[in-house]
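Chains A and B supply the protein sequences, listed in that same order. Sequential numbering of the first sequence, starting at 778, is according to our numbering. Sequential numbering of the second sequence, starting at 101, is according to our numbering.
In short, the hints are calculated from the structure, not lab data. The model shown is predicted, which means the values in this text are computed figures rather than measured ones. For glycine and all other residues, C-beta sits at the position ideal for the given N, C-alpha and C. Hints should not be assumed to be uniformly reliable.
[As the list claims (entries may be wrong)] Cβ pair distances, simulated, as ranges:
hint, chain 1, residue 1, chain 2, residue 2, range
1, A, G864, B, S203, 29 to 37 Å
2, A, R927, B, R420, 35 to 43 Å
3, B, P465, A, E977, 49 to 57 Å
4, B, L444, A, G929, 52 to 60 Å
5, B, Y268, A, P968, 38 to 46 Å
6, B, E388, A, E977, 15 to 23 Å
7, B, G443, A, E977, 29 to 37 Å
[What the hints assert, rightly or not] Reference excerpt, derived from the structure (chain A facing chain B, CB under 8 Å, subset only):
hint, residue
8, F867
9, I868
10, S888
11, G929
12, R946
13, R949
14, P972
15, P973
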Amino acid sequence: MGWSRKDLVAIRDLDAAEIVMILDTAASLQEIAGRDIKKVPALRGKTVVNLFYEASTRTRTSFEIAGKWLSADVVNFSAGGSSTAKGESFIDTARNIAAMSPDVVVVRHSSSGAAALLARTLDCAVVNAGDGAHEHPTQALLDLLTVRERKGHLDGLSVAIVGDVAHSRVARSNIHGMRKLGLSVTVAGPPTLIPPFVQELGVKVAYRLEDAIRDVDVIMMLRLQHERMTGGLIPSLREYSRTWGLTLDRLRAHARPDVLIMHPGPVNRGIELSPEVADGPYSVILDQVAKGVAVRMAVLYLLGGSKGGDQA
Amino acid sequence: MSLLIRGGRVVDPANDVDGVQDVLLAGDRVERLGHGLSAAGATVIDATGKVVCPGFIDIHVHLREPGHEYKETIASGTRAAAAGGFTAVCCMANTDPVNDNRSVTDYIRARAASEGVVRVYPIGAVSRGLRGEELAELAELAEAGCVAFSDDGRCVMNAALYRRAMEYTLPFGRPLISHAEDHTLSRGAAMHEGVVSTEIGLPGAPAAAEDVMVARDILLAELTGAHVHIAHLSTAGAVRLVREARARGVKVTAEVTPHHLLLTDEAVRSYDPNTRMNPPLRAKRDVEAVLEGLAEGTIDCVATDHAPHAASEKEGEFDRAAAGIVGLETAVSLLLDRLVRPGLLPLSTLVARLSRDPARLLDLPGGSLGPGAPADVTILDLDRELTIEPARFHSRGRNTPFGGWALVGAPWKTIVGGRVAWE
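Excised from the complex, chain A in its bound form:
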C-alpha cells in the first residue's frame, strides 16, 4: 500500500498503518545524516516552500535541511520579511505562492486550522508544521520514532505528558498518535493547564507529578510559556517549577530507572526541567532533534515525490 494523501494536516486524520509507513520511511532515510555527502536525488526539481507565520528556528531549519538532503529547492518565507507586514491576508499570500507552482508548502501559523485552510485552498501538498494549539504532526512522528528506536517497540508502552497541555499542539498530536499505536497516555499539570474533557481523547489525567511519572516508560515535558502567568493560569514560575519541575531527585524517587525524558524544545531550563535532567542520561532530547530531520525527509518524500510509479 502506498501513500495516498495530498496533505499532512493532523495525526488525528491518519490511521495506524499510515503513521507506521512514515516512521518506517524515516527510519530508512536517517542513515543519510551519517553520509559524507548528504544528498539523494529523490526530490530533484521539486520546490518546497517553508511558509512560516510564527517564529521558529528549529522546525524551519529541520524542514529546510530535510528538503535539501532530498535535493529539493527549498525557499523560506517568513511572515516578518514579506508582504504580510504590508497587510496582505493569509489567503492572498497563499494564492500568490501557489501561483509560483510549488510542490510542497510547509506551514506554521498561530491560528488553529490554518493548515487545514491552506490544504483546502492549494492544489499542492501541504504539511502542517504547527497550527495554533491544534496539531504539530511531524513533532509527534519524530517523538514516536525516537521512542520506537529506544524501546524497540511502541505497543503497550506508557507515556506521561506533563505541563501546559491546554495550549500544546505537540500534546494533541502525540495523544492521537500514541493512542492509535497502542500506547497509554496520562496528561498531567495544574488543572488550569489541562484542557476540558481531555479524557474523551482516551487519556488519563493526573494532578500530581509523582502520580503521572510513576511506572511510565516515557516522560514528555512540555514548554511553559511565560504568558500563562499573566492569563491567571498559574500564580508564578517559581510555584510552577516547585510543583511541576522535573528534577533529578523526583525522577529517582518516582520514575523507573529506564524512563526516557523527552521535550519538544526549546527547554526552559530550571522551570519544567532541571539542567541535570535535560542533560542527563535519561534525556533523549537531542536524539529527538536528529530524528526530526529524518521524519521530515520522509514526509516530504511521501507527499512531494513523483506520483504514478515513476522512480524519483
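Take the given structure of chain A and dock chain B to it, following the hints.
What follows is chain B alone, placed relative to chain A:
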C-alpha cells in the same frame, strides 16, 4: 386597494385560528377573515395549498447602515427580510456612528421609509458609543422611535450601569435586550469550550460565560422591576435560569437563533469561518434545551441575529474571522424543514414564535390577523423544495454555514402594509 387571499390555511395563533379561510386586506389593515369572502375590485391571491400567517417579525438583525454599507444596507437588508418571509425587523445599534442619539435613529427611520421594503424598528444603544461607561440619551431615543435598548455585540459588564439603565427606562415601557456574555470568562475565545475546542485547539468560552450574565440580568430585573430580554440565548443553563425566573414572576423574556437550534460545536471542526458566531455554537445538550425552551414558551421567539459580513472578513483564519452569519433568507426554510417537518415543533407554535410573540414582547404592531391589524402577511409554501444558494441572496452578506442545504418549505409571498413586498 384591497387584497383577497383566498383558500389558504390560515394559521393565526394570536386569534386561535388554524383552518382554511379567506383573508381580506383593505388598504394597510386586515379587514376580516371568513369563508367565501369576496370584495369588489380586490386583487385576488389564490393561496390554495398554502399557509397564511401574520407577518413574521425578526427582532434581532444587523442592517449595518449607517457606516458599514459594504456589509449590508437598509435597502439590501430589508429585501433579504422580505425574501425570507419577514415583514418587520428590529435593527441593532452597533452601526457607525452608533445609534446612541436621536439623529442616528432619525437617519435609520428615514432611510427605511425611502429604501426599505419591510417595517424597520430601530433599537437604541444602552450606553454611549457602546462603551458601557455612561448611559446614552435613552429618553430621547425612545421618543425618536427606538423600540428597545441594547449594546448588542457587547455585554454591559458594569452591573451598576445596567441597573441604572433598567430603572431609567422603566417609564418608557421599552425593554433592555441583553447580550449576555461575561467578557472576562470569554476573553480570547473563538468557540464554545468543550471536547471539540479541546480537540481542534481553538480557545473556548464556557457556557458559564453566558449563564453568569443571564443570572445577573435576572437578579437586576428582579431588583428594578424592569423587563429584560435575553438576546440569542444559547445554553441549557440559561434556559433553566429563565424558566425559574419566569415562574417567580420576573419580567424576563428570551429569543433563540435558528443556528443555535440546528447546529452544534461539531460544525466547527471544519474550521469554516461561517461556523464562527457569538454566542458560539454550543453542545448537543444545549441545542436540545433551547428547542425545549422554545416549544414550551420559556423562549418567546426566534430571532436570526442576521449579521452580514464581507467575504474577506469570513474567508481566512478561523480565530481572526468576524463572528456572525446572515439569517433572514434561511431562517424560515430551515425551521420548517428541520423542526416542523420532523414533528419537533408544531407549525402553529413556530408561527406564534415568529409573529404573535415577538410582537407582544416589544409591543409592536402586527403579529395578528385580527380585524384592524396591520396588513402584514407571510404566506408559506410547505411543499417547496429548495437548496440554499448564498450567491442568490438579496443580502450583501453571503456568510452562512447552511449553503447547499436541501430543504422543503419556504416563504411564498410577503405582504407588508397590504402590498406584496416579495413573491
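Tested hints:
Taking 29 to 37 Å as the suggested C-beta distance range, the pair A/G864 and B/S203 conforms, at roughly 34 Å. Checked against the hint of 35 to 43 Å, the C-beta distance between A/R927 and B/R420 comes to roughly 40 Å, which is consistent with it. For B/P465 and A/E977, the Cβ-Cβ distance of about 50 Å falls inside the hinted range of 49 to 57 Å, so the restraint holds. A C-beta distance of roughly 56 Å is found between B/L444 and A/G929, which places it inside the suggested range of 52 to 60 Å.
About 43 Å separates the C-beta atoms of B/Y268 and A/P968, a value consistent with the hinted range of 38 to 46 Å. In this structure, B/E388 and A/E977 meet the distance hint of 15 to 23 Å, their C-beta atoms being roughly 19 Å apart. With their beta carbons about 31 Å apart, B/G443 and A/E977 fall inside the hinted range of 29 to 37 Å. With 8 Å as the threshold, the beta carbon of A/F867 comes within range of chain B, its nearest partner Cβ sitting at about 5 Å, so the hint holds.
Interface hint status for A/I868: upheld, as the beta-carbon distance to the closest one in chain B is roughly 5 Å, under 8 Å. A distance limit of 8 Å between C-beta atoms decides the matter here; for A/S888 the minimum to chain B is near 4 Å, and the interface restraint holds. Of the supplied interface hints, the one on A/G929 is violated, with its beta-carbon coming no nearer than about 31 Å to a beta-carbon of chain B, more than 8 Å. A cut of 8 Å between beta carbons decides the hint on A/R946: the least distance to chain B is about 6 Å, and the hint holds.
At about 6 Å, the closest approach between the beta carbon of A/R949 and any beta carbon in chain B falls short of 8 Å, and the interface hint on this residue holds. Because the beta carbon of A/P972 sits about 4 Å from the nearest beta carbon in chain B, less than 8 Å, this interface hint is met. The criterion of a C-beta within 8 Å of any C-beta in chain B is met by A/P973, whose closest approach is roughly 6 Å, and the hint holds.
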